[in-house]
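A.B. asks: Go by the hints and put chain B onto chain A.
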Amino acid sequence: MVKVIGAAIIIFSASMVGWQIGKYYALRPIQIRGLLMALQMLETEIVYGATPLSRAFLQVGRRIQAEIGQIFTSAAEFLLTKEGLGTQECWQMALNRHLPSTALRKTEREVLAGLGHVLGSSDREDQQKHLRLAATHLRSLEEEARAEQHRYEKMYKSLGFLGGLLVVILMF
Amino acid sequence: MDKGVTQVKEISTILPASVRHILSALPLAVRENIEEIRLRQNMPLEIRYGQLSSYVTPTGQLTANSRQGWVFTEEQAGKLINQISQHSLYALEEELKRGYITVVGGHRVGIAGKVVLERGEVKGIRDLTSFNIRIAREKKGIAQKVLPFLLEAARVHNTLIISPPQCGKTTLLRDIARSLSYGSEWASSRKVAIVDERSEIAGCLHGVPQRDVGPRTDVLDACPKAVGMMMMIRSMSPEVLIVDEIGRQEDSDAIWEAVYAGVSVVCTAHGWDVEETTRRPMLAKLIQQGAFTRYITLSRSSGIGTIQGIYDQALQPLQKEEQLWSR
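Those protein sequences? They're chains A and B, same order as listed. So for the first sequence, my numbering puts the first residue at -9; every next one is plus one. So for the second sequence, my numbering puts the first residue at 12; every next one is plus one.
Excised from the complex, chain A in its bound form (with noise of 0.2 Å):
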């Protein structure tokens, strides 16, 4: 009785683990989507509302869910309350307090730090400019995510199933 319940917690671990791992690649493409619509909004508000950066980072920080909001929800927090800071460092410490919690990697990272370099500190139409490279970007990295994501989610998330069956097997 006590095999059959120790087998059972290990299958249940092990397809949770292969879970995880296969949640982490269908969670990237949503999350670049996100930071896509973050980035549309955020082009809206400053080329045609010329609103300030602080505003605008609270306003998309509102409008998009969970991590990728906070980013921008902290940065204008950051902006606001850190006297002497530029808007580069201020960005970067949002970006260091909540990338390591969502599923997005190194090339989008980049993209986001390369950002804070032109965000708020040229006219409009190079705001323009920039924001929509940097959509560019994140789009085709999206394709790549959502390729991964077929090739990976389901192989991870099965694969936690059987390895867990092996090691049952083998155990008895």
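Treat the hints as calculated values from the structure; they're not laboratory data. Check the hints yourself; a few may be wrong.
To be verified - The calculated label-pair distances, taken between Cβ atoms and stated as ranges, are:
#1 B:E85 x A:R87: 37 to 43 Å
#2 B:K20 x A:Q55: 36 to 42 Å
#3 A:P90 x B:E129: 42 to 48 Å
#4 B:P292 x A:E115: 38 to 44 Å
#5 A:R87 x B:G258: 52 to 58 Å
Stated by the list, open to error - Just so you have them, the derived chain A footprint on chain B, three or more residues with Cβ under 8 Å:
#6 20 to 32
#7 47 to 55
#8 99 to 108
Positions of the beta carbon are idealized from the N, C-alpha and C atoms, including for glycine.
C.D. replies: Here is chain B on its own, set in the frame of chain A:
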């Protein structure tokens, strides 16, 4: 706390931490008299205080040797721009076209750098490298000496203040606006409208005056004078209209419009004295046709804000030279 220091404090919120630190190390006597902080990329930090200019060393000492001055780097310039623009340079396109930015407290930051042209017109400034932070000082109460000449029965005289640059005409104009708006025991308060084309009189930030211009004052910020005067007459029914630096033909039309509408106009013009001003074609016409009933001329013969004279409609002097305020 001394007023001068408060204003320097206000300004320091837009400065990068390093500049702020150096300025706070300056002797108090210098700090409370700072008029301008001049920052140029890769050049030493310069301040103007009183009538003097000096470089500042990294430890907050004054020096005449440019090599010893603390050098303002490109990185610092970037930070300063971030702070001045509240991280949103794109929101300041109009200001960049004019070449200066008004910040909290009504202080102004003059800027220079690489100008971007579009079809031969200035579109903005890119690569900002020179900053001139001018600390705005208010001189409250200076209008008290001229007000008795400007008021007659219930009316305020149409007044032209004539002065060379840097003699305090905008400061006087602002105080006249404030005094008329507040009123006093011998002069009732009035509705005042200010058309502030260069954001100098009220120092507006997001439309809110940063200087005290009185409780009954409406400000039309950054609006061309002639258009603005018409708008104010139609929309805000002012009793007194305050305008800075008139000089173009359309200004003259607007002034007549105001005079016919029964609105008193107080305005300023560049010039050395009344005689010289009467030679300027557009002003001459206004003067000859009697648009103005009082003239005040300023000079700096005994310091900024010396009243050279006050004249009536026929250019007869009413008051001789007098010092408005001392430094």
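A.B. asks: Hint by hint, say whether it matches the structure.
C.D. replies: So, going through the hints one by one against the coordinates:
| no. | hint | result |
| --- | --- | --- |
| 1 | B:E85 x A:R87: 37 to 43 Å | violated, 28 Å |
| 2 | B:K20 x A:Q55: 36 to 42 Å | holds, 41 Å |
| 3 | A:P90 x B:E129: 42 to 48 Å | holds, 44 Å |
| 4 | B:P292 x A:E115: 38 to 44 Å | holds, 41 Å |
| 5 | A:R87 x B:G258: 52 to 58 Å | holds, 55 Å |
| 6 | 20 to 32 | holds (count 5) |
| 7 | 47 to 55 | violated (count 0) |
| 8 | 99 to 108 | holds (count 6) |
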